[in-house]
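Enquirer: So the chains spell out like this:
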Amino acid sequence: MEAFVASKVDDYRAGRITRRQLIETLTVAAATAYTAPGATAAPALPGLKVALVNHISYTCPNFKQAADWYSKMFNLEQVGATQNDVVLPFGQKGERPFGVTANDVPMTHLIIRTRDLNARPQNGGPPRRQPKALVNHVAYTIADWDQNRVRAELARMGYRNPEVDTPYSFHVVDVNGYDVQISGIAMTALNVGG
Amino acid sequence: MEDFIAGLVAQLDSGAMDRRQFCETVALAAMVYAAGEEAANAAPAQGFKPIAINHISYACGDYRKARDFYSSLLGMAPAPNADNGRETRLMFGPPAGQGGSFLIPRNGSIVPRAKAVVDHICYTIPNWNENEVVATLKAHGLEPTGRPGSLHVYDPFDYDVQIANAVEENAFRR
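From first to last, the protein sequence lines stand for chains A and B. Numbering-wise (the numbering used here), the first sequence opens with residue 5 and increments by one. Numbering-wise (the numbering used here), the second sequence opens with residue 436 and increments by one.
Bound-form chain B, shown alone (with noise of 0.2 Å):
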């Protein structure tokens, strides 16, 4: 760590970086330092290791009505900055840097390009209590269907949003 702040900090002297890019850079340095070396040196002799989602970019004909949605529902916490107006970027999980997400709601076009859909996504809530869930759901006006642990509803969109425990939905209950 002290050798790549000391070439920073030769950057910083020559001009190659300037204050900003040296100060985000440290601090950028400083989260994958504390996500774990370890980790982050797993790489594969072959093909790749995913260690997360970084993100998913859903396009939509007003960015404004998801994020809403998905900040307020969900507890996605918007980055600093990052609406301009067309799109933003919604926090999750751990921390920036540290095996953190985020969802891109952006205006955009829905005709797919592909030959297939991602057809919907299903998000962890930890610490599930049915009641609570259900309620927190109907408060905001939506109506879940699926079963106790792993509910389905629709954002502004009519786009599938799964919400499920660790017990109901793991890559292993099958």
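Pulled out of the complex, with its shape left as it was, chain A reads as follows (with noise of 0.2 Å):
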């Protein structure tokens, strides 16, 4: 696409074209770049295939406050809840995760844990690992993403200075000190920040 877009921009420059033409040729190709079948099949790789993120599994000192709070910034429903853990969806059940096709693909969740990551498994298994690496933010992507629009509704809830980390995302951190990320859905991995 961007290579397609390049070219008429030279043809434009050239005078091949009017702007007119360039308007409508980008228009036309824009709308139907990502939708014609096949378009966005990615090929084959070996191993595994990762399709989405299932879940995301917090482990803090009070997972009730935690959660609380997630639900509040996010509008996410607790499900499943236990006395040591609850779950967020992403949706409602039966919803289909976006951008997904798949019919064997979940709603990725959260799932917000107290626990001793340190103790024994109660199945007698090894302990866990002490990992030498962390996953020191998580970037979430909204919908509507309105820069000015989410700058209002994060002072509304008491983040009057979030890090602006892109024209599309924010930095807050949560009832725990974790960075979060909100996102908007042009920040890719094909453009900068993170």
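Think of the hints as simulated: they come from the structure by calculation, not from any bench. In this text the structure is predicted, and so the values were computed from the model without any measurement. Any given hint could turn out to be false.
What the hints assert, rightly or not - Quick list of in silico lysine to aspartate or glutamate cross-link-like pairs, EDC-like style, CA-CA up to 20 Å: (1) K68/A - E81/A; (2) K136/A - E567/B; (3) K500/B - E578/B; (4) K136/A - D503/B; (5) K68/A - E522/B.
From these two lone chains plus the hints, build me the complex, please.
Expert: And the structure:
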């Protein structure tokens, strides 16, 4: 797509097409480029092929407090609560995840827990290894990104000076001081930020 | 869409936007358009509506080991020109700009600054075939634990990685 746009810009600047033709051509191309069957099919890769994040396991001292923070910030319902954890799905039961067409890819969800990560497993297995890596933040894509609207909503929720990452995202910290990034769909691996 | 592109052409003509910015913006607009205006305009009255994990920032001592692990085992695709010698971006799921996600393996501190920790991440593998999944994990030198349809392995930094199918791991399973 980008190469096609570049070629049309060259045509326009060289006088080969008019401004009106440039606009019409790009309008049609933009509206159809990614909707043709197979246009987005990824090539087969060796090994496994991840379709989506299934869930993020978040462990903290008080899971109820954290779950309430995420419910409020992201309008997430809490389901399947136990004494130690609760699940926060990104939608209703039966909904298909955004952008996914396969039937066997469930909705992404958070599992917010309170537990001792150093405890021996109840099944008698070996203790959990101590990771030498850290997921230092998670970014969430939200619907209807508008920088001013998001800034205003964050201010209403008490975040008056959220860290600006790119035009498409802000950072805040949750109730446990964990870095949470709130992003628009235009923030992708193909542009900047993170 | 036409009004939007006309506005961009005006910026291009006036010099407010260079050729590269113009091309990137139109290409991105096409992706967002394809993603569907309905979902992209579904903001709630208060708070936000998450539609996907945008990205996961993963700090470790050598991002290259993580990069190689996640790309070779889980099929995450390196983003073009993203590798700067300190970090990179690996794409997975729907296409970029249409709900796709990415992992950022990066060199960085692993000392937690928060009272919370993301202790593992579970990834969905579609078209799950237990024998093939286990064989693939073992071919990579891993020893999966867990139960059929929901397996755990450790990455090169002993970070807990879970892979699962839709039956064994979904939000409404309990």
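Enquirer: Now look at each hint and say whether the structure bears it out.
Expert: Taking the hints in turn, this is what the structure says about them:
Between K68/A and E81/A, the direct Cα distance comes to roughly 13 Å. Compliance with the 20 Å bound is thereby established for this hinted pair. Straight-line distance between C-alpha atoms of K136/A and E567/B comes to about 29 Å, which puts the hinted pair past the 20 Å bound. The hinted pair formed by K500/B and E578/B meets the criterion: a straight-line CA distance of about 18 Å does not exceed 20 Å. Distance restraint check for K136/A and D503/B: the Cα-Cα separation of roughly 16 Å lies within the 20 Å cut-off, and the hinted pair is therefore satisfied.
Of the pairs offered as hints, the one joining K68/A and E522/B is violated, with about 34 Å between alpha carbons and a cut-off of 20 Å exceeded.
Figure legend: structure checked against the earlier numbered hints; hints not met, in rising order: 2, 5.
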